[in-house]
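**Q** Start from the sequences, fold in the hints, and give me the full structure.
Taking the working numbering, the leading residue of the sequence shown gets 28, the next gets one more, and so forth.
What the hints contain is simulated information worked out from the structure, not anything from laboratory work.
All figures in this text were calculated on a predicted structure; none of them were measured in a lab.
Be aware that one or more of the hints could be misleading.
[As the list claims (entries may be wrong)] Mimicking DMTMM-like on lysine to aspartate or glutamate, the simulated pairs with C-alpha atoms at most 25 Å apart in a straight line are:
#1 Lys220 / Glu178
#2 Lys122 / Asp38
#3 Lys122 / Asp80
#4 Lys68 / Glu93
#5 Lys201 / Glu219
#6 Lys68 / Asp117
#7 Lys220 / Asp200
#8 Lys75 / Asp117
#9 Lys122 / Glu177
#10 Lys220 / Asp117
#11 Lys75 / Glu106
#12 Lys122 / Asp37
#13 Lys68 / Asp37
#14 Lys68 / Asp38
#15 Lys122 / Asp96
#16 Lys68 / Glu106
#17 Lys220 / Glu177
#18 Lys220 / Asp190
#19 Lys201 / Asp233
#20 Lys220 / Asp233
#21 Lys201 / Asp212
#22 Lys201 / Glu177
#23 Lys201 / Glu217
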Amino acid sequence: MSIYNRGRIDDVSWSPSGQYLAFHGDQFLEEFWGEFIWVVKGDGTGLKNLTTDPPFYPLRALAINEWLDDQTLTINLWEGTGAQSLYQVDRISGKATLLIGYGDSKIPVQTHGGSYDWSPTREHIVINQAGHLVLVNVSQASELWFSTMEEPPSEIFRGWSQDDQQFLYSQWDKERGGYNLWLWDVARGEGEKVLPHVYQAALSPDGSRVAFL
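**A** Dropping the structure here:
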């Protein structure tokens, strides 16, 4: 696209219906420099910069997180401390609301170089907080930590089941070393060890099978 003369686009994401595209890019023109996230219709019309107003600033790193629906995009914003916060941005108005992070958020969790992994129904999100998993119920603004920040990093998220009720994660074995594979049941609020000495795995869509390395 011509607006990206002397720049680059490094991430593109379709909205759920396929009507819109969000893309992240860096721009290196003297009069237009920094990081931005844009939205455009699937036919190439209606180009709009979503990150021109506070809290966004061209010199602060950004990343596309995920479309929640055709009107709402979530964006990772790197704070001055190096940690990330998660904002949801209205595609039409451009209004940004702090969803997860320190400040006005009801969920004061940040991730240092980690990830935010939404459940299929968008009811829950698993946060990787510097190697510690945090399960968040978004509507209730509640959080469950799998370990404390005083402990060594010990958990890695591996994927949600399509029914939103379970997810896989790897957890460090403090006694024997190495990772074991666990399955967390959201409704029961407890985990079950599935396989010992397994680091990488994926849950089948119906939750009945596990592929592992």
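**Q** So, for every hint listed, does it hold in this structure?
**A** Here's how the hints hold up against the structure:
no. : hint            : result
1   : Lys220 / Glu178 : holds, 20 Å
2   : Lys122 / Asp38  : holds, 22 Å
3   : Lys122 / Asp80  : holds, 9 Å
4   : Lys68 / Glu93   : holds, 17 Å
5   : Lys201 / Glu219 : holds, 16 Å
6   : Lys68 / Asp117  : holds, 15 Å
7   : Lys220 / Asp200 : holds, 11 Å
8   : Lys75 / Asp117  : holds, 12 Å
9   : Lys122 / Glu177 : violated, 36 Å
10  : Lys220 / Asp117 : violated, 40 Å
11  : Lys75 / Glu106  : holds, 24 Å
12  : Lys122 / Asp37  : holds, 24 Å
13  : Lys68 / Asp37   : holds, 18 Å
14  : Lys68 / Asp38   : holds, 16 Å
15  : Lys122 / Asp96  : holds, 15 Å
16  : Lys68 / Glu106  : violated, 30 Å
17  : Lys220 / Glu177 : holds, 23 Å
18  : Lys220 / Asp190 : holds, 20 Å
19  : Lys201 / Asp233 : violated, 31 Å
20  : Lys220 / Asp233 : holds, 19 Å
21  : Lys201 / Asp212 : holds, 22 Å
22  : Lys201 / Glu177 : holds, 14 Å
23  : Lys201 / Glu217 : holds, 19 Å
Hint compliance for this structure: hints 9, 10, 16, 19 are not met, and every other hint is.
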